[in-house]
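Participant: Now for the letters of each chain:
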Amino acid sequence: MDLINNLMLGFGVAFTATNLLYAFGGAMLGTLIGVLPGLGPVATIAMLLPSIYALDATPALIMLAGIYYGAQYGGSTTAILINVPGESSSVVTAIDGYQMARKGRAGAALAAAGLGSFFAGCVGTIVIAAFAPPLTELAFKFGPAEYFSLMVLGLIGAVVLASGSLIKAIAMILLGLLLGQINTDVISGVPRFSFDIPELTDGIGFVTIAMGIFGFGEIIANLGRPAEHREVFTKDVKGLWPTRQDFQDAWPAVLRGTALGSLLGVLPGGGALLAAFAAYTVEKKSRGRVGEVPFGQGNIRGVAGPESANNAGAQTSFIPMLTLGIPPNAVMALMVGAMTIKGIQPGPQVMTSNPELFWGLIASMWVGNAMLVILNLPLIGIWIKLLTVPYRLLYPAILSFCCIGLYTLNNNNFDVYMAVLFGVIGYAFYKLHCEPAPLLLGFILGPMMEENLRRALLLSRGDWTTFATRPLSAGLLAAAVLMIVVVSMPSIKKKREEAFQDEEA
Amino acid sequence: MKIKSERDFWAGMMFLLVGVAFAWGALSYNFGSSARPGPAYFPFGLGVLLALLGALELFKALTIESDGGDPIGGIAWKPLIVILVAVALFGFALPRLGLVITLPLLVLISSWASDEFSWKATVANAVVLITMSWLIFIKGLSLIIPMWPTIFGAAA
Numbered sequence: 028m029d030l031i032n033n034l035m036l037g038f039g040v041a042f043t044a045t046n047l048l049y050a051f052g053g054a055m056l057g058t059l060i061g062v063l064p065g066l067g068p069v070a071t072i073a074m075l076l077p078s079i080y081a082l083d084a085t086p087a088l089i090m091l092a093g094i095y096y097g098a099q100y101g102g103s104t105t106a107i108l109i110n111v112p113g114e115s116s117s118v119v120t121a122i123d124g125y126q127m128a129r130k131g132r133a134g135a136a137l138a139a140a141g142l143g144s145f146f147a148g149c150v151g152t153i154v155i156a157a158f159a160p161p162l163t164e165l166a167f168k169f170g171p172a173e174y175f176s177l178m179v180l181g182l183i184g185a186v187v188l189a190s191g192s193l194i195k196a197i198a199m200i201l202l203g204l205l206l207g208q209i210n211t212d213v214i215s216g217v218p219r220f221s222f223d224i225p226e227l228t229d230g231i232g233f234v235t236i237a238m239g240i241f242g243f244g245e246i247i248a249n250l251g252r253p254a255e256h257r258e259v260f261t262k263d264v265k266g267l268w269p270t271r272q273d274f275q276d277a278w279p280a281v282l283r284g285t286a287l288g289s290l291l292g293v294l295p296g297g298g299a300l301l302a303a304f305a306a307y308t309v310e311k312k313s314r315g316r317v318g319e320v321p322f323g324q325g326n327i328r329g330v331a332g333p334e335s336a337n338n339a340g341a342q343t344s345f346i347p348m349l350t351l352g353i354p355p356n357a358v359m360a361l362m363v364g365a366m367t368i369k370g371i372q373p374g375p376q377v378m379t380s381n382p383e384l385f386w387g388l389i390a391s392m393w394v395g396n397a398m399l400v401i402l403n404l405p406l407i408g409i410w411i412k413l414l415t416v417p418y419r420l421l422y423p424a425i426l427s428f429c430c431i432g433l434y435t436l437n438n439n440n441f442d443v444y445m446a447v448l449f450g451v452i453g454y455a456f457y458k459l460h461c462e463p464a465p466l467l468l469g470f471i472l473g474p475m476m477e478e479n480l481r482r483a484l485l486l487s488r489g490d491w492t493t494f495a496t497r498p499l500s501a502g503l504l505a506a507a508v509l510m511i512v513v514v515s516m517p518s519i520k521k522k523r524e525e526a527f528q529d530e531e532a
Numbered sequence: 064m065k066i067k068s069e070r071d072f073w074a075g076m077m078f079l080l081v082g083v084a085f086a087w088g089a090l091s092y093n094f095g096s097s098a099r100p101g102p103a104y105f106p107f108g109l110g111v112l113l114a115l116l117g118a119l120e121l122f123k124a125l126t127i128e129s130d131g132g133d134p135i136g137g138i139a140w141k142p143l144i145v146i147l148v149a150v151a152l153f154g155f156a157l158p159r160l161g162l163v164i165t166l167p168l169l170v171l172i173s174s175w176a177s178d179e180f181s182w183k184a185t186v187a188n189a190v191v192l193i194t195m196s197w198l199i200f201i202k203g204l205s206l207i208i209p210m211w212p213t214i215f216g217a218a219a
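Residue numbers (our numbering), protein chains in the order written: chain S, 28 to 532; chain D, 64 to 219.
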C-alpha cells in the first residue's frame with residue numbers, strides 16, 4: 028500500500044521534535060491571529076516570511092500551514108463569542124454561533140466547531156494523501172501550453188467565487204500579472220520597467236506587496252472607521268461539553284460539511300469561504316429533528332456544518348498548490364513564495380524530489396489539527412482574554428513586526444519605502460472596492476505564466492491555436508470561459524450578489 | 064455625461080491609465096514575433112487587456128445607475144499620512160539610529176493615528192515591543208539589525 032507507506036514516511040517526519048514544535052507554534056500563532064480582530068493569515072504569513080530564511084524548508088512550511096488552519100479555528104471563536112468573524116470563512120458561523128452564545132450555550136457552540144473542524148481536518152488530510160499522487164501524475168503530462176491554460180483557469184476560478192465585481196477582479200489579476208513583469212526578463216536578460224533603480228531589476232518582493240497592501244492598507248482602513256463597541260461573552264463560557272442531544276444533531280451536519288468542504292476546497296479559488304457558505308445553505312435546506320431551534324436563532328447544525336466545511340476546504344485547497352504549484356488563494360500564493368525562498372520549485376516534481384517535505388507537511392496537518400483541539404477547547408479562557416486587547420495597542424505591534432521584517436528581507440531600507448507605496452495603493456483599493464487578493468495571485472503566477480506562454484509559442488512556432496488544439500489545454504480554457512459565462516448569467520449573477528450581501532450584512 | 068458610480072469610475076480610470084502606461088512602457092523593449100516572443104510581448108498584451116477592462120468599467124460607471132452614486136466617501140487622511148510617515152521614517156532612521164531609538168519612534172508616531180491615544184499606554188507598548196523584538200529577532204532568529212546609533216560605534 029503506497030498510501031500507508033507514504034503516510035508512514037510523513038508521520039515519521041512530522042513526529043520529530045523540531046517539526047512538532049513548529050507545527051505547535053504555527054497552530055498557536057494561527058489561533059492567536061484568528062482571535063485577534065484586524066489581523067488575518069495573509070498579513071501574518073507575510074510578516075513571518077523573513078524569519079523562515081533561518082529555517083529548513085520542512086519546518087518552515089509546516090509552521091505556515093499551521094498558521095493557515097489555526098486561523099480558521101481562531102476565527103470561529105470570535106465569530107461565536109463576539110459576532111465578529113476573525114476570518115471571512117467564519118462569517119456564516121457567526122449567524123447561529125453568536126445566537127447560541129447569547130443563550131448561554133457558547134461552550135456547546137465552541138465544542139461543536141472545534142470537534143467538527145477536527146473531524147474535517149482528519150478527513151481532509153486523508154483526501155490530500157489519496158488524491159495528490161494521481162493528480163501529480165496527470166500534471167507530468169502537462170506541456171507549457173497546458174500549464175498556461177491551467178493558470179488561466181486557476182486565476183479565473185479564484186475570482187468568479189470571490190465577492191464583488193467580476194470586471195474589477197479580473198482587472199486586479201491583470202494588475203498583479205503586470206506588477207510581476209517588473210523584473211529582468213529571464214530569456215533575454217533585459218531589465219523591464221525598472222526605471223534604472225537597481226533594486227527593481229530583481230523584481231518587487233511579494234512580501235513587500237503583501238505587507239503594504241494587506242498589512243498597512245488594512246490598518247489605515249481600520250483606523251479610518253469609528254471604533255466598534257463589542258459585547259464579549261466572557262463569563263458565560265461554561266458547560267463546554269455538548270449534550271447528547273447536541274451530538275445527535277450535529278454529527279450528520281459535520282459529515283455533510285466535511286464532504287462538501289473536501290470537494291469544494293480542491294476547486295481553484297474555492298477553498299474555505301465557499302465551502303462554509305455552501306454547507307450553511309445545505310444545512311438550512313435539509314430537514315432536522317422535529318422541534319429543534321430554528322436557523323438564525325442558535326441551531327447547532329448551523330455551526331457544526333460550516334465549521335467542518337471550512338476546515339476541510341482549507342485542507343484540500345493544499346492539493347492544487349502541492350501537486351501543480353498553482354495557488355488557489357492568497358495564503359497558498361504566499362506558501363508558493365515561501366517554497367521558492369527555500370529553493371524548491373513548486374510543481375508536480377516536489378513529491379518525488381522532496382518526499383519528506385511533501386508527506387511531512389501532509390502528516391503535520393493531522394498533527395496540527397489534533398493540537399488545535401487541545402489548544403482551543405481547554406484553553407478557551409486564555410483566548411477570550413485576548414479578545415479584549417484593544418486595537419490601539421495591537422496595530423503598533425503589527426507595524427513594528429512588519430517594519431523589522433521588511434528591513435531584514437534584504438537588509439536594505441528600499442523594501443520599507445516600497446511597502447509604504449503599496450500601503451497607499453492598498454488604501455486606494457479599499458476605497459475603490461477592489462479586492463486585493465487576486466492581485467497577489469496574479470503577481471505570484473505572472474513570471475511562471477509568461478515563461479510558459481513564451482515556451483508554448485516557441486514550440487508551436489508562433490501559432491496561437493496551440494492552446495485550443497491540444498485537448499487538455501482546450502478543456503482547461505473552455506472550463507475558464509464557462510465559469511465566466513455562468514457567473515455573468517443574469518439569474519446566477521443576482522444570486523451571487525445576494526450571497527455576498529448576506530456576508531456583508 | 065454624469066458619473067453614476069464614483070467608485071467604479073475611479074477604479075476604471077486607474078486600470079485604464081496603468082494599462083496604457085505598462086503597454087506604452089513595453090514599447091521600448093524588443094517585441095519579437097509570436098514565434099519568438101521578446102521581453103515586450105507579454106507585458107504589452109497584458110497592458111492592452113487591462114486598459115480595455117478599465118475602459119469597460121468606466122463605461123459601466125457612466126451608464127449604469129447605482130445606489131446613491133456609490134460615493135468613495137471621506138478619506139482617512141490622518142491615519143493614512145501618520146502611519147505611512149511613521150513607516151517611512153523607520154526605514155530612513157533604522158540604519159542610522161538603530162533599533163533601540165527607531166522602534167519606539169515608530170510606535171509613538173503611529174499610535175498618534177488612533178483616536179484613543181494615551182501617553183501612558185503608548186510608552187508601555189513601546190517598551191514591551193522593543194523587548195519582544197530584541198528577544199525574537201536578535202536573540203531568537205539572530206538577524207543582523209543595527210541596535211544603536213552608528214555614532215556610538217557599536218554598529219561596526
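In short, the hints are calculated from the structure, not lab data. The reader is advised that the hints may include incorrect statements.
Said to hold, decoys possible - Here are the simulated DSSO-like cross-link-like pairs (lysine-lysine), alpha carbons at most 30 Å apart as the crow flies:
no., chain 1, residue 1, chain 2, residue 2
1, S, Lys412, D, Lys202
2, D, Lys202, D, Lys183
3, S, Lys369, S, Lys168
4, S, Lys369, D, Lys202
Participant: Compare the structure with each hint and give your call.
Facilitator: Structure-based check of all given hints:
Taking the CA atoms of Lys412 (chain S) and Lys202 (chain D), the gap is about 28 Å. The hint holds against a cut of 30 Å. Using a Cα cut-off of 30 Å, the hinted pair Lys202 (chain D) and Lys183 (chain D) holds, with the two alpha carbons roughly 28 Å apart. For the hint linking Lys369 (chain S) to Lys168 (chain S), the alpha-carbon distance of about 26 Å falls within 30 Å, and the restraint holds. Of the supplied pair hints, the one linking Lys369 (chain S) and Lys202 (chain D) holds, its CA atoms being roughly 22 Å apart against a limit of 30 Å.
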